[in-house]
Amino acid sequence: MRVIRTIAVNVFRESVRDKVLYNLVLFAVLLILASYLIGQLTAGQDMKIIKDLGLSATSIFGLFIAVFIGIGLVWKEVERRSIYSLQAKPITRVDFLLGKYAGLVLTLLVNVAVMAAALYAVLGAMTLFGSPALTAGLDAPALDPRLLVAIGLIFVELALVTALALFFSTFSSPMLSAVFTFGLYVVGQFNADLKHFEQVVSSPAAAWLARALYYLLPNLAPFDIKAQVVHGQPVAAGYVAMTVGYAVVYIAFVLLASVVVFTRRDFK
Amino acid sequence: MTRGRPVLFVAMALLLVTAVGLEILRDRRYGEPRPAAQSILYVRSGDFLKRASLSNASLLADLYWIRAIQHYGGGRRSKDPGERYEMLYPLLDITTTLDPKFTIAYRFGAVFLTEKPPGGPGRPDQAIALLQKGLRHDPRKWQYEHDLGFVYYWSLQDYRKAAEAFRAAADVPGAPWWLRSLAGIVAVQGGDRDTSRRLWLQIYESADNEWLRDNAQLRLAQLTALDRIDYLEAMVSEVARRIGSRPTSWADVIRAGRLLRPPLDPAGTPFVLDPQTGRVNVSADSKLYPLPTEPAARLGRAPS
Chain A
121 MRVIRTIAVN VFRESVRDKV LYNLVLFAVL LILASYLIGQ LTAGQDMKII KDLGLSATSI
181 FGLFIAVFIG IGLVWKEVER RSIYSLQAKP ITRVDFLLGK YAGLVLTLLV NVAVMAAALY
241 AVLGAMTLFG SPALTAGLDA PALDPRLLVA IGLIFVELAL VTALALFFST FSSPMLSAVF
301 TFGLYVVGQF NADLKHFEQV VSSPAAAWLA RALYYLLPNL APFDIKAQVV HGQPVAAGYV
361 AMTVGYAVVY IAFVLLASVV VFTRRDFK
Chain B
17 MTRGRPVLFV AMALLLVTAV GLEILRDRRY GEPRPAAQSI LYVRSGDFLK RASLSNASLL
77 ADLYWIRAIQ HYGGGRRSKD PGERYEMLYP LLDITTTLDP KFTIAYRFGA VFLTEKPPGG
137 PGRPDQAIAL LQKGLRHDPR KWQYEHDLGF VYYWSLQDYR KAAEAFRAAA DVPGAPWWLR
197 SLAGIVAVQG GDRDTSRRLW LQIYESADNE WLRDNAQLRL AQLTALDRID YLEAMVSEVA
257 RRIGSRPTSW ADVIRAGRLL RPPLDPAGTP FVLDPQTGRV NVSADSKLYP LPTEPAARLG
317 RAPS
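Heads up: the protein sequence lines correspond to chains A and B, in order.
So the first sequence is numbered by the numbering used here: it starts at 121 and just counts up by one.
So the second sequence is numbered by the numbering used here: it starts at 17 and just counts up by one.
It is worth saying that the hints were derived from the structure and are not from the lab.
Bear in mind the structure is a predicted one, so any value in this text is a computation, not a measurement.
From the three backbone atoms N, C-alpha and C, an ideal C-beta is built for every residue, glycine too.
Check the hints yourself; a few may be wrong.
[What the hints assert, rightly or not] Facing chain B, a subset of chain A residues (Cβ under 7 Å, in silico): (1) I169; (2) L314; (3) E318; (4) Q319; (5) S322; (6) A347; (7) H351.
[Claimed, not checked] Residues of chain B clear of chain A, computed beta-carbon distances all greater than 12 Å: (8) L76; (9) A77; (10) R83; (11) P116.
[To be verified] Anything over 10 Å on all C-beta distances counts as not near chain A; from chain B, calculated: (12) L38; (13) E48; (14) V59; (15) R67; (16) A73; (17) L75; (18) R93; (19) K117; (20) I219; (21) Y247; (22) D268; (23) A272; (24) P278; (25) T285; (26) P286.
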């Protein structure tokens, strides 16, 4: 456990030192602040637009961080040949993989937390210093704590995407890993279509295959509750708990698959 | 290399300043580049955009909403009637497909669509379609029924349907009590100006949005302008009788001792006197232009 923690902290430090990561965080914060200006272009929908923009920016920038850093986690060690020196140390491949994953998830957690804080800061500043009309007639309060539920699910979704990126990183080049991970991300948004495939095909076998794929491929659409939260609609605690539970189990499955591939890999 | 850095920065600054200078010079000599003659809506399917946005449909709806507002504002300033508002309904339709709970897009959109030219496309049919779409997505929003009533009342002068819509709004749980009395008044009194004033006053007092309140204030000012026009037209007729010919300008009315200066509408712009007919109207430059069509005026009678 101590080894995993040490590797995770190192991954986090490396990410923090990485200028690209800093730029992404800075850009996300700037974007959220800039949303104040965009709000000026609309007729009384500033708060809604800032919430939408803040949540989407958190999701999009988090996705880029998860994919572009996740795909290099293992590959970089192999490319630099530092994996050989690690093999000489009392670190198992499982520790190595889990440490790498935990490090990137920690990086994402910090990023998402910074973005959430920036979003609340902008909303708070608008409530305090903006005209009262800005907060009149809103579907949900400006500083709605339920935004944290949406942000929490974004984070859990990113943790799942990170696991996928790490999995592909164990056996593929960064370019291919990025393509596979983005591909699965897109499929994950649409795979509800697969469940009802029998409505478009007549073949029972094809419908059965599509339904099997629906259950096997990661289902990412349920993590998106941004619109409900922004419009102040209730999101059941049970729904959130089951979605998080699904993510935890799926992440464990993907990490296990990563361990299986990585432990069989020959670096000689 | 480190020592040469300041020189590099100076060189970069010089190059940038030169590029900007050349651009200014070119624009002055050959004219500034003109934006595309016509706005283009590349994708008209909201459903496609919803899928293509992955999990960011709400943000995309905001962008289309901003586009709709810009298009509406641009249409009001445009000198070319052919280019005005033609994309307004598609933009609003896409916005509300991307985010079916975007209340303001339905409500403001209906106001934009019903506005008569040149202030809007004058398409109450599209406003009704938009509000009905909102009702399909959220039948508990009494505001959509209420706005439907307004479209029937104000733009189509269909008082029976307006009263039905107000009654339907009143039937929605949580709707304000005054909707039921509004339905009754509209059913009995139809399009009389006092009823209109009561309707807009209700909107003005109950609106939870600054823009809707401003719009109600504008309508109330238009109704006041109609009152003043009635008074001024009566005055012009009286002066015509007295001097034996129709006044051709406010100067004639002032000379007749009935006015001290040209009369102003509630927005502060002088009223216009038509020398041919003796009719008074707000100026095309006024914020109140064009005034609403009243049922009595449409029948060729003097407004009450």
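Taking the hints in turn, this is what the structure says about them:
no. : hint : in the structure
1   : I169 : holds (4 Å)
2   : L314 : violated (14 Å)
3   : E318 : violated (20 Å)
4   : Q319 : violated (16 Å)
5   : S322 : violated (24 Å)
6   : A347 : holds (5 Å)
7   : H351 : holds (4 Å)
8   : L76  : violated (9 Å)
9   : A77  : violated (8 Å)
10  : R83  : violated (10 Å)
11  : P116 : violated (9 Å)
12  : L38  : holds (29 Å)
13  : E48  : holds (22 Å)
14  : V59  : holds (18 Å)
15  : R67  : violated (7 Å)
16  : A73  : violated (7 Å)
17  : L75  : violated (4 Å)
18  : R93  : holds (15 Å)
19  : K117 : violated (4 Å)
20  : I219 : holds (13 Å)
21  : Y247 : holds (34 Å)
22  : D268 : holds (43 Å)
23  : A272 : holds (46 Å)
24  : P278 : holds (34 Å)
25  : T285 : holds (24 Å)
26  : P286 : holds (30 Å)
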